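**Q** Just so we're aligned, residue 45 is where the sequence shown starts under my numbering, counting upward by one.
Just so you know, these hints were derived from the structure itself, not from any lab. All values reported here derive from a predicted model rather than from experimental measurement. Cβ coordinates follow ideal geometry from the N, Cα and C atoms, glycine included. Careful, some of the hints might be misleading.
The calculated label-pair distances, taken between Cβ atoms and stated as ranges, are [stated by the list, open to error]: (1) Y54 <-> R198: 37 to 47 Å; (2) G226 <-> P189: 27 to 37 Å; (3) D184 <-> A110: 17 to 27 Å; (4) A68 <-> K225: 32 to 42 Å; (5) R198 <-> A110: 34 to 44 Å; (6) A68 <-> A101: 34 to 44 Å; (7) A97 <-> D184: 17 to 27 Å; (8) T140 <-> E63: 16 to 26 Å; (9) A101 <-> V200: 35 to 45 Å; (10) E63 <-> D184: 19 to 29 Å; (11) Q137 <-> E63: 40 to 50 Å; (12) A183 <-> G226: 13 to 23 Å; (13) G161 <-> D184: 39 to 49 Å.
Subject to a maximum C-alpha distance of 20 Å in a straight line, what follows is the list of computed DMTMM-like cross-link-like pairs (lysine to aspartate or glutamate) [to be verified]: (14) K157 <-> D135; (15) K157 <-> E176; (16) K225 <-> D135; (17) K173 <-> D135; (18) K173 <-> D83; (19) K225 <-> E63; (20) K157 <-> D184; (21) K173 <-> D184; (22) K225 <-> D47.
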Amino acid sequence: ARDAAFTFTYLQNLQALAEVGEVAYFSPLADAALPPGTDFLYLPGGYPELFAAALSANAPMLASVAAYCAAGGAAYAECGGLMYLGQRIIDAQGQTFPMAGVLACTTSMQNAKLTLGYRTVAWNGLTIKGHEFHYSSLADHGLTPEPAYLTSARGVGVPVQLYRQGNVLASYVHVYWGENKGFVERLVLGSSLVA
């Protein structure tokens with residue numbers, strides 16, 4: 045995804061994706077469906093809460109994303125992407141906006157508090173670096189945590205998790221794929237996502 049709502053992407057992540065397949069951009073705000081032949085869906089961070097009404101109003105795209113994931117399509121969603129794949133976003137004023145409904149969670153901007161810091165993710169035999177930066181929180185969820193250990197820059201465990209639902213992985217952590225090609229290869233090639 046790439047548009048005004050989804051802008052937080054490391055350039056190296058896009059380069060890593062291009063090394064294992066063709067990258068086709070789409071806009072959850074403006075397009076009606078995922079690109080034909082999509083076999084991996086990457087939903088990066090951004091500010092979907094600022095565009096919640098427009099994202100929610102684009103029912104054809106929400107349905108396309110939901111159908112792709114329901115059919116077993118592999119996906120990775122980080123921060124804003126996690127919010128988009130959830131059931132709904134609640135804005136700071138308490139207004140609710142339905143989202144894709146793929147993940148069993150609601151994200152909320154009420155009582156917003158900044159969560160910020162470098163993170164290390166130990167998952168599936170890999171160590172991946174990234175950062176966490178968000179004001180939203182999981183208000184309600186039934187997500188299943190992956191067997192992963194996430195720590196701060198000081199090596200202290202943090203409450204943020206890596207979640208799985210079917211072939212979808214999601215987290216609030218923005219992961220940097222550039223230094224560990226094994227991560228993107230496992231995501232795109234699906235070896236780690238087979239349930």
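**Q** Each hint: holds or not?
**A** A quick look at each hint next to the structure:
1. Y54 <-> R198: 37 to 47 Å: 22 Å, violated
2. G226 <-> P189: 27 to 37 Å: 21 Å, violated
3. D184 <-> A110: 17 to 27 Å: 19 Å, holds
4. A68 <-> K225: 32 to 42 Å: 21 Å, violated
5. R198 <-> A110: 34 to 44 Å: 39 Å, holds
6. A68 <-> A101: 34 to 44 Å: 23 Å, violated
7. A97 <-> D184: 17 to 27 Å: 21 Å, holds
8. T140 <-> E63: 16 to 26 Å: 40 Å, violated
9. A101 <-> V200: 35 to 45 Å: 41 Å, holds
10. E63 <-> D184: 19 to 29 Å: 38 Å, violated
11. Q137 <-> E63: 40 to 50 Å: 43 Å, holds
12. A183 <-> G226: 13 to 23 Å: 34 Å, violated
13. G161 <-> D184: 39 to 49 Å: 24 Å, violated
14. K157 <-> D135: Holds. K157 to D135 sits at ~13 Å (cutoff 20 Å).
15. K157 <-> E176: 13 Å, holds
16. K225 <-> D135: With Cα atoms ~36 Å apart, K225 and D135 exceed 20 Å; violated.
17. K173 <-> D135: Violated, at about 29 Å.
18. K173 <-> D83: Violated. K173 to D83 sits at ~25 Å, over the 20 Å cutoff.
19. K225 <-> E63: 9 Å, holds
20. K157 <-> D184: Satisfied, since the Cα-Cα distance of roughly 16 Å is no more than 20 Å.
21. K173 <-> D184: Given pair K173, D184 is violated - Cα atoms ~27 Å apart, limit 20 Å.
22. K225 <-> D47: 25 Å, violated
Hint compliance for this structure: hints 1, 2, 4, 6, 8, 10, 12, 13, 16, 17, 18, 21 and 22 are not met, and every other hint is.
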